[in-house]
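Trainee: Go ahead and model the full structure; you've got the sequences and the hints to work with.
If you want the building blocks of each chain, they are given just below.
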Amino acid sequence: MIFGLPVISIAIWLPIIFGILVLSTGDDRNAGLARVLAMVGSVLGFLVTIPLYTGFVRETSEMQFVEMHAWITRFNIHYTLGVDGISVLFILLTAFFTPIVVLAGWKVIEKRVSQYMASFLIMSGIMIGVFAALDAVLFYVFWEAMLIPMFLIIGVWGGQNRVYAAVKFFLYTLLGSLLMLIALIYLYNQSGGSFSILDFHQVALPMTAQILIFIAFFFAFAVKVPMFPVHTWLPDAHVEAPTGGSVILAAIMLKVGAYGFIRFSMPIVPDASHKLAGVMIALSLIAVVYIGLVALTQTDMKKLVAYSSISHMGFVTLGLFIFNAYGIEGGLLQMISHGFVSGALFLCIGVLYDRMHSRNIADYGGVANSMPVFAAFFMLFAMANSGLPGTSGFVGEFMVILGAVKANFWYAFAAASTLIFGAAYTLWMYKRVIFGAVANAHVAKLTDLTMREKAIFTILAITVLGMGLYPLPFSEIMHVSVNDLLVHVARSKLP
Amino acid sequence: MDLMTKLMPAGAEIFLLIMACVILIADLLIKQNSRMVTFLLVQLTLLGCSLITVGTHTQGVTYAFGGMFVDDLMSDVLKLLTYLTVAMMLVYSRQYLTVRGLFSGEFMVLALFAMLGMMVMISANHFLTLYLGLELLSLSLYAMVALQRDSAIATEAAMKYFILGALASGLLLYGMSMLYGATGSLELGVVSSSILSGEANQTLLVFGLAFVVSGLAFKLGAVPFHMWVPDVYHGAPTAMTMLIGSAPKLAAFAFVSRILVEGLQPLVHHWSGMLAILAIASMAIGNITAIAQTNIKRMLAYSTIAHMGFMLLGLISGGIEGYGAAMFYAVIYVLMSLGAFGMIMLLSREGFEADSLSDFKGLAQRSPWLAFLMLLLMFSMAGVPPTVGFYAKFSVLNAVVQSGHVWLAVTAVLFSLIGAFYYLRVVKLMYFDQPESHSPIVFGQDTVLLISVNGLGVLLLGLLPSSLMSVCAVSVQQSLLVH
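As given, the protein sequences belong to chains B and Y, one line each in that order.
My numbering applies: residue 1 is where the first sequence begins, and numbers increase by one.
My numbering applies: residue 1 is where the second sequence begins, and numbers increase by one.
Hints listed in this document are in silico derivations from the structure and should not be mistaken for laboratory results.
Beta carbons are placed, not taken as given, at the ideal position from N, Cα and C, and that holds for glycine.
The reader is advised that the hints may include incorrect statements.
[Said to hold, decoys possible] If you want the footprint, here are the derived chain Y segments under chain B, 3+ residues with CB under 8 angstroms:
(1) 74-83
(2) 261-268
(3) 376-387
(4) 404-414
[To be verified] Only pairs whose alpha carbons sit at most 27 angstroms apart, straight line, appear in this in silico BS3-like list of lysine-lysine:
(5) B:431 <-> B:445
(6) B:111 <-> B:303
(7) B:168 <-> Y:361
(8) B:107 <-> B:303
(9) B:303 <-> B:431
(10) Y:6 <-> B:111
Mentor: Put into C-alpha cells, the structure is as follows:
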C-alpha cells in the first residue's frame with residue numbers, strides 16, 4: 001500500500017469506471033468526447049500502475065500490495081489482490097498498451113466509437129485483475145469476463161469473417177476455462193475449504209489427481225497461449241480483429257495463458273509438471289519449428305504475424321518447462337518483449353491497412369518510396385521480431401536457449417532454429433512489402449505517418465531498444481520470485 | 001383466538017384466497033378501459049401477502065392443519081420470491097396483453113389462483129396437500145394458455161399441456177397410492193420414518209418411487225418427459241409463457257425437494273440414480289436441440305429443460321451444499337427467464353410477436369441499452385462471469401464435486417459449453433448483424449425501468465452474490481434438513 005491507497009484495486013477499477021463513463025456518452029454524435037475521455041482514462045490507468053513498480057520491494061518473493069476483503073463468505077471466497085515479481089510487469093504492460101490502442105483507433109474507428117473505446121478500457125481493468133488476483137474464484141471471474149469485451153471487439157469491428165472468428169474464439173477459450181473451473185473446485189475441497197491460490201500451492205495431491213488437474217489447467221492455459229495443437233483460433237481471431245483488438249490479443253491476452261502455467265500448473269501440481277514436461281517441451285518445439293515454417297508460407301501479413309506469435313510463445317512455454325532460472329526468466333522476458341514487438345507489428349500492419357484496405361503482401365511493394373519514416377520504424381520492429389541483438393527480442397530468446405542447453409542440447413538446437421526461421425519469414429515479408437519497385441498506383445499515393453502514429457511508434461521503439469540494450473530493470477524485479485518458484489516446484493507434493 | 005393461532009401459518013394463503021374471490025367479483029363491475037384498477041388491486045394483494053408472510057414468520061418449523069401444512073424459513077423465502085416474480089410478470093405483461101385484448105380480470109385472477117397453488121405446494125407436508133397445490137396451479141395455467149381463444153396455436157398448446165399434464169398427475173397419484181400402500185401414511189414425516197423402520201414393502205416402495213419421479217419429471221419438464229415444454233412455451237401468449245417459465249420453477253423446487261428429500265430420503269440411493277439419468281439426458285437434449293431452434297421461445301424452452309437438468313444435479317449431490325445450490329439455481333433461473341421473456345414482450349407490438357430469433361437482429365443499433373441488458377441475460381444463462389448465472393452453476397458444480405461425482409461435473413460443463421453456443425448466437429444477432437426492421441420500439445416507462453432493474457440485477461448479483469447464496473443455504477438448512 002502506498003499512502004494507504006489500494007493501488008491494485010485502483011488500477012483495476014479506474015479504467016472500468018472510465019469505460020462506463022465513455023459508454024454513457026452515447027452514440028457517435030459525441031464521438032469526440034468519447035475519444036478524449038478514453039484517452040484520459042487510459043493514461044490515468046497507466047499512471048496509477050507506476051507505484052507498483054517504484055514501490056516494489058525486490059528482495060522478497062512475498063506477495064506485495066496485498067488487499068484482502070471477504071467477498072462470498074458462504075464459500076470462503078475473498079477479494080484478494082497482490083503482486084509478486086512475476087505478475088507486476090504484466091500489469092504495467094497491460095496498462096501501457098491501453099492508451100496505445102486508444103490512440104491507434106482514434107481516427108480509424110468511426111462507428112460506435114464509445115462502445116469500442118469502452119470495451120478496451122473495461123478489458124484493460126479486467127486483464128489487470130487476472131494478473132493480480134490471488135483468489136482462484138476471483139481469478140476465474142476476471143479470466144472469463146475478459147472474453148465478453150473481446151468477443152464484441154472482434155465481432156463488431158472485425159473484418160469479413162468476423163462472426164466465425166469471434167464465436168470460435170469464445171467457444172475455444174470457454175472449453176478450457178470450464179475444465180479449469182472443475183479443477184479449482186476440486187482443489188478447494190482438497191485444501192480444506194480455501195480458494196486462496198497460495199493455499200493451493202501447499203496442498204498435497206496424489207499423482208493421478210495431479211495429472212488430471214494438470215490436464216484441466218492445460219486446456220485452459222494452452223488455448224490462451226496458444227500452444228500447438230489448440231492454436232487454430234488465433235490466426236482467425238487476429239485476421240478478423242480490428243488493429244486494436246489484435247494488439248491487445250497478441251500483447252496481453254496470450255500472456256495470461258503462460259502466466260497461468262506459472263501461477264497455477266507449476267506450483268500446484270509440480271510432480272505432474274515434471275512428469276509431463278517432456279510433452280510440454282515437445283509441443284513447444286513443434287510450435288517453434290513447425291509454426292515457424294507455416295508462417296513462412298503466409299500471404300496475409302496479419303496471419304504471418306499471428307503465426308509468428310504462436311512460434312514465439314512456443315519459446316516461452318519451452319523456457320518454463322525446462323525448470324531452470326534462465327529458462328523461466330528468459331520466458332518471462334520473452335513474453336514482455338513479445339508484447340511490445342508483436343503489438344508494434346500489428347500497429348504497423350494497421351497503418352498500411354488503414355491506407356490501402358489490404359493485408360495481402362502481394363498488393364504491396366516499394367512502400368519505402370512513399371513512406372520512408374514508416375519503413376524505418378517497421379524495420380526496427382521486424383528486426384526485433386527476428387531476435388536481433390540490441391533489440392528486446394534477443395534477450396529472452398537468448399536466455400531461453402541458454403537454459404535449454406543446460407537441460408538438453410537438442411532442445412536448444414531445435415529452439416535456436418527460430419533465429420533462422422524468424423528472420424526468414426519476418427524479413428522476407430518486410431522485403432516484399434517495403435522494398436523493390438513501387439507495385440502499383442495505390443502504393444505510390446501512400447502518405448507517410450501522421451504525428452499521432454509517429455508518437456505511438458516512437459514510444460514503442462524506445463521501449464524495444466531500451467529493453468534490448470539494458471534489460472536489467474525488467475529482469476531484476478522478477479529475480480527473487482523466479483528463484484522462489486523454482487525452489488517450490490522442485491519440492492514434491494505427493495502425499 | 002385458538003383457531004386464529006392455528007391458522008396463522010397459512011395466513012398469506014387465506015388472505016390471497018379471499019382477495020382473489022373479491023377481485024373476481026369486483027372486476028365484474030369494472031369497465032374494460034379502467035382495468036388498471038384491477039391491476040392495482042392485484043398488486044396490492046401481492047404486497048399484502050408479503051407483509052403477512054413476513055409478519056407471521058416464526059423461528060423454526062411450524063405445522064398446521066394436523067401436519068398437512070408446514071411453515072418454515074424455506075417456504076417463507078420461496079413464497080416471497082414467488083410474490084415478487086408474479087408481480088414482475090404482471091408489470092411486464094400489462095402492455096403486451098392490453099394491445100392483444102387479453103388484459104382482463106380473468107387473466108389476473110387466474111394468475112392469483114396459480115400463485116395460490118404454488119404457495120400450497122411450497123408449504124405442503126402431505127402428499128395430498130402437494131397434489132392439491134399442484135392441481136390448482138396446473139388447472140389455472142391450462143386455462144391461461146387457452147385464454148387467447150381465437151389463436152389456433154395457443155389452443156393446441158393448451159390441449160397438449162392439459163392432456164400431458166393430466167397424464168403426469170395420474171402417474172404421480174398412482175405412485176403416491178403405492179407409497180401409501182407400503183407405508184400406511186401420506187404425511188411426509190411419517191412416510192420417511194416408516195421406510196426407515198424397514199417394515200415397508202421394498203418392491204412396492206421402489207415402484208411407487210419410480211412413478212412419483214416420472215410424475216415430477218413431467219412437471220419439471222425433464223427429458224424424456226419434456227415433450228410438452230417447447231410446444232407450450234411456443235404456443236402460449238408470451239405473458240403466459242413467462243408465468244409458466246418463472247414462478248412455478250420455485251414451487252417445483254419446493255415440490256421435488258419436499259417429496260424426495262423430506263419424504264423419501266431413506267430411498268436416496270434409488271432416486272439419486274434416477275435423477276442423474278434425467279439430469280444428464282435433460283442437459284444433453286436441451287442444449288443440443290436448442291441450437292436448432294429459430295424461434296426464441298422454443299429456444300428458451302429447450303434452455304429451460306437444460307437448466308432444470310442442471311438444478312437436479314444439486315439435488316443429487318445432497319447436503320446443505322447440494323440442496324442450497326439447487327435452490328439458488330432455481331431462484332437465479334427465475335430471475336433470468338423473467339428478463340428474457342420480458343425482453344420478448346418489450347420488442348413485440350400490436351399484431352407482431354418478436355419471438356423469432358431474427359427479430360433480435362441489429363438490436364444494438366436500434367436500442368443499445370436493451371441490447372446490453374439482453375447481453376447480460378444471455379451471458380448469465382450461459383454461465384459466464386461476472387453475471388450471476390455463473391455462481392448458480394458454480395455452486396451446483398461445487399456440490400457435485402464435493403459429493404465425489406467429478407465425472408458428473410465434467411459432463412455438465414461440457415453440455416453447458418454446447419449451451420453457450422446458442423446464447424452467444426443471440427448476442428451475435430444483436431451486435432454483429434444489421435437490423436431487419438427500423439420500426440421504433442414502443443414501450444412504457446414502467447417496463448423499461450423493470451427490465452433495467454432485472455438486467456442490472458443479474459450483473460449486480462454477479463458482483464455480490466454472497467447474501468443470496470447464504471439465504472438459500474440457511475433456509476435449506478433450517479427447513480429441509482431438520483426434519
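Trainee: Taking the hints in turn, state whether each one holds.
Mentor: Consistency of the hints with the structure:
1. 74-83: violated (count 0)
2. 261-268: Violated - the region 261-268 of chain Y has 0 residues with a Cβ nearer than 8 angstroms to chain B, which falls short of three.
3. 376-387: With 4 residues in contact (Cβ-Cβ under 8 angstroms with chain B), the coverage given for the region 376-387 of chain Y holds.
4. 404-414: Per the Cβ count (5), the hint holds.
5. B:431 <-> B:445: holds, 19 angstroms
6. B:111 <-> B:303: Cα-Cα ~25 angstroms, so holds.
7. B:168 <-> Y:361: OK: residue 168 (chain B) and residue 361 (chain Y) at ~20 angstroms, within 27 angstroms.
8. B:107 <-> B:303: holds, 24 angstroms
9. B:303 <-> B:431: Holds - the C-alpha atoms of residue 431 (chain B) and residue 303 (chain B) are around 17 angstroms apart, at most 27 angstroms.
10. Y:6 <-> B:111: violated, 67 angstroms
The structure is inconsistent with the numbered hints 1, 2, 10, although it conforms to all the rest.
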